[in-house]
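Asks: Given next are the chains, with one letter for each unit.
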Amino acid sequence: MKTLLIKGGRVIDPSRGFDAQADLLIKNGMIEAVEKGLKAPAGTEVIDAEGQVVMPGLIDMHVHLRDPGREYQEDIISGAKAAAAGGFTAVAAMANTDPVADDPAIIRYVIDRAAGAVARVHPIGALTKNLGGTEMAELARMKRFGAVAFSDDGKPVVSGTVMRNALQYAGGIDALIIAHEEDPYLFEGGMIHEGAVSSVLGLRGIPAEAEEVMLARDLMLLRAAGGGRLHIAHVSTAGSVELLRRAKAEGQNVTAEAAPHHLLLTDRAVKNSGYSTNTKVNPPLRSEYDRQALWAGLLDGTIDAIASDHAPHHGDDKDVEFDFAPFGIAGLETTLPLMLDELSSGRIKKLTLPLLVEKMSTAPARILGLDAGTLQPGSPADVTIADTNRSFVVNPETWHSKSRNTPFAGRSLSGAPVMTIVGGRVAMKEGVITEQE
Amino acid sequence: MALTHKATVMDEKGIMQALRRIAHEIIECNKGTEDVVLVGIRKRGVPLAGRLQAYLNEIEGSSIPLGILDITLYRDDLTQRQDQPEVHTTDVPFDLNKKHVVVVDDVLYTGRTIRAALDALIDLGRPATIQLAVLVDRGHRELPIRADYVGKNVPTSRSERVDVNVKEIDGEDRVDILEEKQE
Amino acid sequence: MQTLRRKDILGLEEMSAEEITLILDTARSMREIIQRKIKKVPTLRGRSMINLFYEPSTRTKASFELAQKYMSSDPISVGGSSSSLVKGETLKDTVRNLEMMNIDCVVMRHPVSGSAHYLARNVDISVINAGDGMHEHPTQGLLDMFTILDKKGRLEELKVVIVGDIRHSRVARSNIWGLQKMGAEVVVAGPPTLMPPDLEVFGVKYSPQIEDAIGDADVVMALRLQKERQEGGLFPTLREYAELYGLSPQRVAHAKDDVLIMHPGPMNRGVEISSEVADGPRSVILEQVTSGVAVRMAILYLLLGGTKEE
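Going down the list, the protein sequences come from chains H, E and C.
Note that the first sequence covers residues 1 to 437 in my numbering.
Note that the second sequence covers residues 1001 to 1183 in my numbering.
Note that the third sequence covers residues 2001 to 2310 in my numbering.
Think of the hints as simulated: they come from the structure by calculation, not from any bench.
A few of these clues could be false.
To be verified - Quick list of in silico lysine-lysine cross-link-like pairs, BS3-like style, CA-CA up to 30 Å:
no.: 1; chain 1: H; residue 1: Lys36; chain 2: H; residue 2: Lys7
no.: 2; chain 1: E; residue 1: Lys1043; chain 2: C; residue 2: Lys2151
no.: 3; chain 1: C; residue 1: Lys2256; chain 2: E; residue 2: Lys1099
no.: 4; chain 1: C; residue 1: Lys2037; chain 2: H; residue 2: Lys271
no.: 5; chain 1: E; residue 1: Lys1099; chain 2: C; residue 2: Lys2037
no.: 6; chain 1: C; residue 1: Lys2039; chain 2: E; residue 2: Lys1098
no.: 7; chain 1: H; residue 1: Lys271; chain 2: H; residue 2: Lys7
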């Protein structure tokens, strides 16, 4: 493996409170040194990062890679390419595959497949068998095989008893539970956020309470369980942010993530796009009030991480009437550019690059307990380099993902990843993926 | 395309005389006005038909029915026009069966309007005869159609326009020939 | 304005008062044709149209077909068990096939909101929305306005009360947008559970008590109550609904003498409207049906009569 010297970039490492122009030396797949004016040993490949940002590798802690089962939408190999192309060195893949990743064998399958992928793929195990919401899956055995968290994501855990037991049990084995908060009775056939837009468009609404009621319940159960770690997936409403803010103030062991589409779009997008199914996502695009609350939560630490909830769907599946289309937005290749663009636009005061790196690398690593999210010498050399001035137009046709479902197609963005280094190996350079040998 | 005035071919008096003459010809041709009905084609055929009705009533002392025909939906050029003509209501509040229908229009040119009017009339009933009265015949027919009663034959070129003004719509009675301005 | 400068008729929310006026004016001329013995004009000779009905409909389908035939076009109606929807073909494929047959216009009724938009985006030919889910039913809104205009001579400053399940009604949505654009005041009445969330967005007033609303109303429109709403738990029983919100003779007695009673059909007699009211002297429910043909003829003429600008 080549020794790499990344020269002259702005190195941001929130794990050490580091933010300065510096060089970064990578040797044997590890971070060797981060200093000014490092000399390149013989045979070193020098990467000029002047004017660019060098960060610990970004981690998307919430993706769906559809593998095994629906490889026509995505698979572990293509999903990892999409991740690398989007500046992510690692992703955590949800368990709602076919078969469901509710067994050590499936976890093992994901890890074996991921060995040949250009980015790290960490499996998340199912919380209940077959996502059925009744019987707990083998959390400890899956954890031993490499599952980084447990979740029935895509489906809520409807039974309070099952959730309570799972939290208690997970506490005993120090396992993380990721909750998809949704009350199925309040959700009931909903298509988009319930509000003025759903009323005008005549689409069934998904009320904010569908998420908030379940979140409130789980926070209570977490307290009752007296242990366990709970992470809330794709927080989408102002009410949820407030619930989390209070829970954190009380010292509850809870973390949360928000998705870029919830941070950047509202339900108006459904109307403005003339019912485009690419705006159909669950949780749904909410109101402007909710969107502002998400940003406030992100800035004040209530929301710990940004995760794409990458949900790839085949074009044919989305190219149907609105009600018939599946929920989901493919986000691996737009998340970082969207965030950098938002930063450079100045629309969100107090949004800074170090904060973005914290939300997209440091925090996800900490929550999932990964040896990542840092440029500390001695750590695995997972590094993302981005150019905040690079402008481009989102064109899903050029994606590495197998899917194209995004509401952001055609958007001009300022800011893009230019290099993704995974374990000291260049996985993506200027949009080109370097395959594993 | 600018149009300039070339000549005035009929004035108020000329129009009146022409219509009175046509009224007499209608009576002569139909041996009275029994079973004669008038149908004016929108837009300027309507006031002209109204005046003919007044003259006929005056001469014969009878009351001749008057209908209004909107031929928009019968045009053969609807798919070729950028802008659609506005549709107006046809109002023929009497039975056309076995009647002698005198269709009245301002200008007879290609004959296409009259072709449409004939189709429209036939949808409304089965007249004994259909006759045509026009204030001006300017020639250039594209269909085998001729007028039974003509106020004035006005030879024109295709680049010219015959501009009929009637008091009821335009505030004055006058027929002008306009031509394209040569620049 | 002489023509509609749009390819499709998808809803009244997106139409201007000017466009609506043009359609209503044109419909008046069309009604004269319907009253003739020979109800046919050659205007759309040689034009072919397809009516796709993915939901059962008697009235709207028949009305469109008559309008198409009176204009001399050649309609084909597909629906119910004969449609390829049941064979698993996607809407996109169905329409692409039809388009290859050189069809000039598609009329579609579909249970999913937004389907008309979806279709219009995918084909170059004109799409007329004959009802999409709970979204809009623009030709119904237009025919209701035409009926009111005909009876009242105006729409401006009329008070129109729409009673019933506003939340799930495409008819209500189209009427609400159209009537307000034309200067009418719209009040909705019915149980709160049948009102759309964030009702303010429509610009209408809400009256929970039907009596409060109809006292000075010029028009009272009852909506069809779908029985499955009861199963959805939105109100307890049809009996209780009828008691609270049904248009009964006693209730209508409080209205003005010249109030118009309307219903888009099909009616649940004895639920949202009693037979005495539906068949009574103030009812214009049957006139609505005639208006429907005239309005649809007008729309066909205005959409298809001229060439589209390239």
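Asks: Work down the list of hints and note, for each, if the structure agrees.
Replies: Hint by hint, here is what the structure shows:
Of the supplied pair hints, the one linking Lys36 of chain H and Lys7 of chain H holds, its CA atoms being roughly 9 Å apart against a limit of 30 Å. In summary, the hint linking Lys1043 of chain E to Lys2151 of chain C is supported, as the alpha carbons are separated by about 27 Å, within the 30 Å threshold. A hinted pair counts as satisfied when its Cα atoms are at most 30 Å apart, and Lys2256 of chain C with Lys1099 of chain E does not qualify at roughly 47 Å. For a cut-off of 30 Å, the pair hint linking Lys2037 of chain C to Lys271 of chain H is broken: about 46 Å separates their Cα positions.
Under the criterion of a C-alpha separation no larger than 30 Å, the hint pairing Lys1099 of chain E with Lys2037 of chain C is consistent with the structure, at around 17 Å. Pair hint Lys2039 of chain C plus Lys1098 of chain E holds up; C-alpha atoms about 20 Å apart against a cutoff of 30 Å. For the suggested pair Lys271 of chain H and Lys7 of chain H, the alpha carbons sit about 47 Å apart, so the restraint of at most 30 Å is broken.
Hint compliance for this structure: hints 3, 4 and 7 are broken, all remaining hints hold.
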